[in-house]
Amino acid sequence: MATYYSEEHEWLDVDGDTATLGITKHAAEQLGDVVFVEQQEVGDEFEKDGEIGVIESVKAASELYAPVDGEITEVNEALADNPGALNEDPEGEAWIYKIKIADASQLEDLMDEAGYKAFIG
Amino acid sequence: MTLPRRTPLYDLHVELGGKMVDFAGWEMPVQYSLGIMGEHSQCRERAAVFDVSHMGQVILRGENVGEKLEALCPQAFATLKEGKARYGFFTNEDGGIMDDLIVSNAGDHYFVVVNAALRHQDIPHMQANLDGVEVIEIFDRALVAVQGPKAEDVVGDLCPAARDLKFMETTVADINGVECRISRLGYTGEDGYEISIPEDKAIEVTRAFLAHEDCEAAGLGARDSLRLEAGLCLYGNDIDQSTSPIEASLAWAIQKRRKEEGGFPGAARIQKELAEGPARKLVGIKPTGRAPARQGVEIQCAEGNSIGQITSGGFGPTVGGPVAMGYVAAGHGAPGEVVNLIIRGKPQPAEVVALPFVTQNYKR
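Chains as they are written, first to last, in the numbering used here: chain F, 1 to 121; chain P, 1001 to 1364.
Same shape as in the complex, but just chain P:
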């Protein structure tokens, strides 16, 4: 029997009344006393702090790491400048997505963050395929996200250097005398930071964020509704080994040179889909009524034929109604198309909409 692991912030979660659940083998707070709706609004209107220490933090050291990563990912990591972060994914030979990740050029090394559930896959994958690169999984640092329109004040009051970062920039700076890696990015659609903190100081630094009047703790429940409204994919729901980045509407995350040159796993399929269009496409779906459409719900076109499936869905607190994402077959999915969602056997009307459901508020 494997017991769920605890992050360096576990004691703080319990102290704050976090409702702990097993998530990807980790004991994580799904919500605190504010509840998912309250924590969601807190993040959209002020600032919220999330423990994301379950995600895998990895250091890559060696010569030409960015160039070598290009053999595993369709992103232009060779030209990623020092101090910049970029969203990307590992692709498989069939052009499916093995995992999505954030890669930062930290100067003398690269800093990579991967999904909690796929650490065991991604780390051996990099070790086996990045020749002459030292792949070091970090076990002694927490990762904390501070997100929301007030995130700049929450972090910037303690660390002025954080204010100078733009979206997708990263730096190392002291917070309360503790050296942290601070990256201006996140998974909520709001401005904010993800901050890597030495584990023995993680609670102390997180408390300093929470001491700000505009900051409250938020759990995985709010994290999921925030990312869904922001139209951000969740690995395992919206993207997986079978979905290509083009199907997942992630072509924006493949830079021009890589689209043209290829040279990454599954390039044949991905370049073909770029040229001819994919067989299915991930789109936003807005149910007309109040019933949430959850993962697995069938999508039918107006004529009643099955055209796809919901991959993520629930209630969007900021939207004030149900929101969803799902795949629809080629020829469908133009914004405004009316579809039916088969919820508990009954067709419920819905409309295809452009993602995201809420405006992304990044500091560019």
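Next up, chain F with everything else stripped away, as it sits in the complex:
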């Protein structure tokens, strides 16, 4: 397993051609208290940089962008009732989707943990 990070502040825990996707701690801190998560459905296909959901904090709505092409295989339903979990454990319990990656070569465009840390300064 390897973890990748996008410039849109998502993390992607990759295992073969499947992955778990969420937002980073840094993103959660910047968003502030999360009050609503709009998720897509299992089976929805998406393209890299396409919008795959919306996270609303007390401050504003922020779109969630796909870091790679793929398909949603599982949705973390718990976030609907407890969006605040995204502030508590964004890189663990509060994952957003499990996905099937369509084109693994796109992972090369993403950052590793050290790269992401440098990116957010």
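Source of the hints: derived by calculation from the structure; they are not laboratory data.
Be aware that a few hints might be false.
Claimed, not checked - Label-pair distances were calculated between CB atoms; the ranges are:
{"id": "1", "chain 1": "F", "residue 1": "E29", "chain 2": "P", "residue 2": "R1005", "range": "48 to 56 Å"}
{"id": "2", "chain 1": "F", "residue 1": "F119", "chain 2": "P", "residue 2": "I1342", "range": "29 to 37 Å"}
{"id": "3", "chain 1": "F", "residue 1": "G50", "chain 2": "P", "residue 2": "G1236", "range": "58 to 66 Å"}
{"id": "4", "chain 1": "P", "residue 1": "Q1241", "chain 2": "F", "residue 2": "E7", "range": "39 to 47 Å"}
{"id": "5", "chain 1": "F", "residue 1": "I120", "chain 2": "P", "residue 2": "G1132", "range": "38 to 46 Å"}
{"id": "6", "chain 1": "F", "residue 1": "E51", "chain 2": "P", "residue 2": "I1136", "range": "51 to 59 Å"}
{"id": "7", "chain 1": "F", "residue 1": "E74", "chain 2": "P", "residue 2": "E1303", "range": "51 to 59 Å"}
{"id": "8", "chain 1": "P", "residue 1": "E1134", "chain 2": "F", "residue 2": "I120", "range": "48 to 56 Å"}
Claimed, not checked - Lysine-lysine pairs mimicking DSS-like chemistry, simulated, CA-CA at most 27 Å apart:
{"id": "9", "chain 1": "P", "residue 1": "K1166", "chain 2": "P", "residue 2": "K1084"}
{"id": "10", "chain 1": "F", "residue 1": "K98", "chain 2": "F", "residue 2": "K117"}
{"id": "11", "chain 1": "P", "residue 1": "K1286", "chain 2": "F", "residue 2": "K59"}
{"id": "12", "chain 1": "P", "residue 1": "K1068", "chain 2": "P", "residue 2": "K1363"}
{"id": "13", "chain 1": "P", "residue 1": "K1084", "chain 2": "P", "residue 2": "K1259"}
{"id": "14", "chain 1": "P", "residue 1": "K1081", "chain 2": "P", "residue 2": "K1019"}
{"id": "15", "chain 1": "F", "residue 1": "K100", "chain 2": "F", "residue 2": "K48"}
{"id": "16", "chain 1": "P", "residue 1": "K1346", "chain 2": "F", "residue 2": "K48"}
{"id": "17", "chain 1": "P", "residue 1": "K1084", "chain 2": "P", "residue 2": "K1068"}
{"id": "18", "chain 1": "F", "residue 1": "K48", "chain 2": "F", "residue 2": "K25"}
{"id": "19", "chain 1": "F", "residue 1": "K117", "chain 2": "F", "residue 2": "K25"}
{"id": "20", "chain 1": "F", "residue 1": "K25", "chain 2": "F", "residue 2": "K100"}
{"id": "21", "chain 1": "P", "residue 1": "K1019", "chain 2": "F", "residue 2": "K25"}
{"id": "22", "chain 1": "P", "residue 1": "K1363", "chain 2": "P", "residue 2": "K1166"}
{"id": "23", "chain 1": "P", "residue 1": "K1256", "chain 2": "P", "residue 2": "K1068"}
{"id": "24", "chain 1": "P", "residue 1": "K1346", "chain 2": "P", "residue 2": "K1256"}
{"id": "25", "chain 1": "F", "residue 1": "K59", "chain 2": "P", "residue 2": "K1346"}
{"id": "26", "chain 1": "F", "residue 1": "K98", "chain 2": "P", "residue 2": "K1019"}
{"id": "27", "chain 1": "F", "residue 1": "K59", "chain 2": "P", "residue 2": "K1259"}
{"id": "28", "chain 1": "F", "residue 1": "K117", "chain 2": "P", "residue 2": "K1019"}
Stated by the list, open to error - Stretches of chain F that chain P covers, calculated by requiring three or more beta carbons in the stretch to come under 8 Å of a beta carbon on chain P:
{"id": "29", "segment": "38 to 48"}
{"id": "30", "segment": "52 to 59"}
Each residue gets a CB set at the ideal place from its N, CA and C atoms; glycine is no exception.
Given chain F, put chain P in place with the hints provided.
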């Protein structure tokens, strides 16, 4: 390039971990370490202190100031008694709202507080139209709001005179040996005070409030969610040059004599709307689901026709769900009416509700 201005409390904000943002040309804390939700609850349950020094504080001196203000505002300021404060607004010739304000009769002068973003409009407006009145913008005083059910203890422990004030009353008294103007009012729906403090003592006095175990600092984020739940209009969102006070459900803020006599800018439209009803009306909107409806979201009636727009909306921490206000066309807007809000292209059900969303807890 114009750099944002800093209030006399800037260093304290930074020390307290305030997340500073540019607001109306001022560098202000949007939140501190408690976060917007925590600061909101702090204010509803205990007490919170807000820096509102970006707002314009103005002194009006001269003969018959209250009477002269009546030429610019539909409020009965001529009969405002000494020691009393009143909410009002400047109207334009078309009956729209130029700005909202608080006017206090301070005895030998009138004390006026206007919105930060409109200081540059309001001050020349008063200078040009209040004949024989000296209009003095105050630059050397901070304005600090202490709000919440424990506000009376936070301020009253330092200044017993504050306990004797009722809602919308104002006085001058010492806090920690510093002469302050203390007014019992605010913008949160809770009991509390707005306190004008000389700038060189502002941090010292604010620290004295924060030393109370029930008091924490809160930022502009919580201020906005608190006022929204309390059903209080925000200039630029819910009211502007095009909205009349009657459309904005602010008829309560126009006293009977002024409704009858007129004699203020835009009286023709305002009196007509009082008699016949306005073309649209500001109402409370409660989304049924969890998605917040923000400013600009379209409101449709059950049949699918567009009937208006959300002007303020977000998450209400005390309500525990999304809350909003918006304008709906005449014939709509009765409490209980089911509407749809078009959020990101999809209709989301909502209901018209009576404002405010939370009970206002004023000391009358």
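key: Restraint status (C-alpha distance of K1256(P) to K1068(P) at most 27 Å)   = 18 Å, holds
request  = Compare the distance between the alpha carbons of K117(F) and K1019(P) with 27 Å, and conclude whether the hinted pair is satisfied.
outcome  = 21 Å, holds
ask   = Within 27 Å, alpha carbon to alpha carbon, are K59(F) and K1259(P)?
value = 39 Å, violated
task = Starting from K1081(P), check that the Cα of K1019(P) is at most 27 Å away, please.
result = At roughly 40 Å apart (the allowed maximum being 27 Å), K1019(P) and K1081(P) break the hint.
key: Agreement of K48(F) and K25(F) with the hint, judged by alpha carbon distance not exceeding 27 Å   = Holds. K48(F) to K25(F) sits at ~22 Å (cutoff 27 Å).
ask   = How does the coverage statement for the segment 38 to 48 of chain F fare against chain P, requiring three or more residues with Cβ below 8 Å from a Cβ of that chain?
value = violated (count 1)
query = Is 29 to 37 Å a correct range for the gap between the Cβ atoms of F119(F) and I1342(P)?
reply = 36 Å, holds
key: Range agreement (Cβ of E7(F) with Cβ of Q1241(P), hint 39 to 47 Å)   = 41 Å, holds
27 Å Cα cutoff - pair K1346(P), K48(F) = Given that 27 Å is the threshold and the Cα spacing comes to 23 Å, the pair holds.
query = K1084(P) and K1259(P): Cα distance at most 27 Å?
reply = Satisfied, since the Cα-Cα distance of roughly 21 Å is no more than 27 Å.
task = Please work out if K100(F) and K48(F) have their alpha carbons no farther apart than 27 Å.
result = 13 Å, holds
task = Mind checking the alpha carbons of K25(F) and K100(F) for me, to see if they're no more than 27 Å apart?
result = Between K25(F) and K100(F) the Cα gap is close to 23 Å, so the pair holds against 27 Å.
When held up to the earlier numbered hints, the structure conflicts with 1, 3, 5, 7, 12, 14, 24, 26, 27, 29 and fits the remainder.
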